[in-house]
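Here the sequence shown is numbered in full-length UniProt numbering, starting from 1 and rising by one per residue.
Some hints could be false.
Said to hold, decoys possible - Simulated pairs of lysine-lysine, BS3-like, Cα-Cα distance not exceeding 27 Å:
1. K86 to K151
2. K334 to K131
3. K318 to K286
4. K24 to K14
5. K234 to K58
6. K86 to K14
7. K234 to K192
8. K161 to K192
9. K161 to K180
10. K131 to K160
11. K161 to K177
12. K24 to K86
Quick caveat, the hints were computed from the structure, so don't treat them as lab data.
Model, not experiment: these values are computed from the prediction.
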Amino acid sequence: MLKEKKKKQQSLHKRDSEYALANKQLEKLSNGIFANGELPTFSEKIKQTDQFPLRPNKLEILQINVGYMCNQVCEHCHVDAGPDRKEIMTRETMLQCLEVIKNTGAHTLDLTGGAPEMNPNFRWFVEEASKAGIQDFIVRSNLTIIRANKKYYDLPEFFKKHNVHVVSSMPHWTRGKTDKQRGEGVFDLSIKALQELNAVGYGMPDSTLRLDLVYNPSGAFLPGDQASMEKDFKKALLEDFGIHFHNLFAITNLPISRFLDYLIASENYEDYMYSLVEAYNPAAVKNVMCRNTISISWDGFLYDCDFNQMLELKVASKIQHVSEYNEDVLNDRKIIISQHCYGCTAGAGSSCQGAVAE
Numbered sequence: 001m002l003k004e005k006k007k008k009q010q011s012l013h014k015r016d017s018e019y020a021l022a023n024k025q026l027e028k029l030s031n032g033i034f035a036n037g038e039l040p041t042f043s044e045k046i047k048q049t050d051q052f053p054l055r056p057n058k059l060e061i062l063q064i065n066v067g068y069m070c071n072q073v074c075e076h077c078h079v080d081a082g083p084d085r086k087e088i089m090t091r092e093t094m095l096q097c098l099e100v101i102k103n104t105g106a107h108t109l110d111l112t113g114g115a116p117e118m119n120p121n122f123r124w125f126v127e128e129a130s131k132a133g134i135q136d137f138i139v140r141s142n143l144t145i146i147r148a149n150k151k152y153y154d155l156p157e158f159f160k161k162h163n164v165h166v167v168s169s170m171p172h173w174t175r176g177k178t179d180k181q182r183g184e185g186v187f188d189l190s191i192k193a194l195q196e197l198n199a200v201g202y203g204m205p206d207s208t209l210r211l212d213l214v215y216n217p218s219g220a221f222l223p224g225d226q227a228s229m230e231k232d233f234k235k236a237l238l239e240d241f242g243i244h245f246h247n248l249f250a251i252t253n254l255p256i257s258r259f260l261d262y263l264i265a266s267e268n269y270e271d272y273m274y275s276l277v278e279a280y281n282p283a284a285v286k287n288v289m290c291r292n293t294i295s296i297s298w299d300g301f302l303y304d305c306d307f308n309q310m311l312e313l314k315v316a317s318k319i320q321h322v323s324e325y326n327e328d329v330l331n332d333r334k335i336i337i338s339q340h341c342y343g344c345t346a347g348a349g350s351s352c353q354g355a356v357a358e
């Protein structure tokens with residue numbers, strides 16, 4: 001039992017799991033029910049609705065992953081992040097990113113991880129990037145990092161100083177469901193962090209300090225209606241803990257990395273893929289994140305989205321690294337797709353900004 005618990009606290013990479021490897025994940029997603037024609041591949045599906053090939057629209061969001069290190073090991077994590085992941089963006093690569101930020105037409109900078117705050121150059125990068133004229137500066141925080149160590153206790157004030165839009169993971173308004181997905185004690189630390197963010201003005205009614213929460217299901221099912229869940233979250237968190245926030249984003253779990261490993265281990269993989277395909281919504285394809293986003297990895301390579309980054313599917317362009325960034329050339333590419341893309345087009349659709357279609 002103790003051995004099993006320790007295993008759950010390690011990344012797939014640390015466990016030497018075959019699904020830590022991008023090629024093994026892509027192999028799984030391409031074979032079986034998709035290879036034998038039982039289910040249509042994603043490219044076949046979007047051909048039926050005259051949306052193939054997928055091409056980018058105007059670039060609006062630069063999403064930068066500053067490292068896979070994290071203080072949590074969440075069951076569903078598509079990054080396979082954790083304390084044992086040492087991949088971290090260097091200041092040299094950050095300087096290259098800053099050059100892009102200064103010259104891009106994108107209006108939003110989205111910093112993610114792991115826990116992005118754990119990068120030793122995180123604060124320096126935020127300070128430098130905030131000078132570059134970005135309209136919406138997002139940091140994706142797991143909340144518990146704010147209480148993980150004294151050196152992070154002042155993060156709410158730091159975020160406020162730079163008018164950072166905080167987007168925080170919160171699987172549920174109850175302790176049991178949250179801790180089951182994210183680890184023991186996570187709920188209480190998250191509540192404390194949210195209260196501290198509220199205390200400096202984040203998430204309060206009429207406040208310009210944006211605080212949004214992210215929900216994703218704890219099991220092999222699709223998220224419910226985003227608007228309804230937001231009402232439930234707001235009611236419960238306010239009544240139980242006095243917590244305010246602005247919006248809830250509902251994100252579908254994509255069948256990659258740890259969630260793929262979970263689906264296979266629990267024998268839910270095929271049923272889940274059927275659910276995604278049956279819930280396919282062509283209207284969602286118009287607004288998926290890869291249409292208006294470039295994802296930059298910790299080592300500076302370019303991807304259509306954060307999920308393609310984890311599958312090591314670089315952009316289909318002669319420009320593949322931030323050091324040679326050219327927006328015009330990149331805008332003339334085709335977006336790389338595979339069966340995991342069904343996760344972003346099921347039901348109301350899903351992206352890093354939540355539902356994308358009504």
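Here is what the structure says about each hint:
no., hint, verdict
1, K86 to K151, "holds, 19 Å"
2, K334 to K131, "violated, 32 Å"
3, K318 to K286, "holds, 25 Å"
4, K24 to K14, "holds, 16 Å"
5, K234 to K58, "violated, 34 Å"
6, K86 to K14, "holds, 11 Å"
7, K234 to K192, "holds, 16 Å"
8, K161 to K192, "holds, 20 Å"
9, K161 to K180, "violated, 34 Å"
10, K131 to K160, "holds, 15 Å"
11, K161 to K177, "violated, 33 Å"
12, K24 to K86, "holds, 22 Å"
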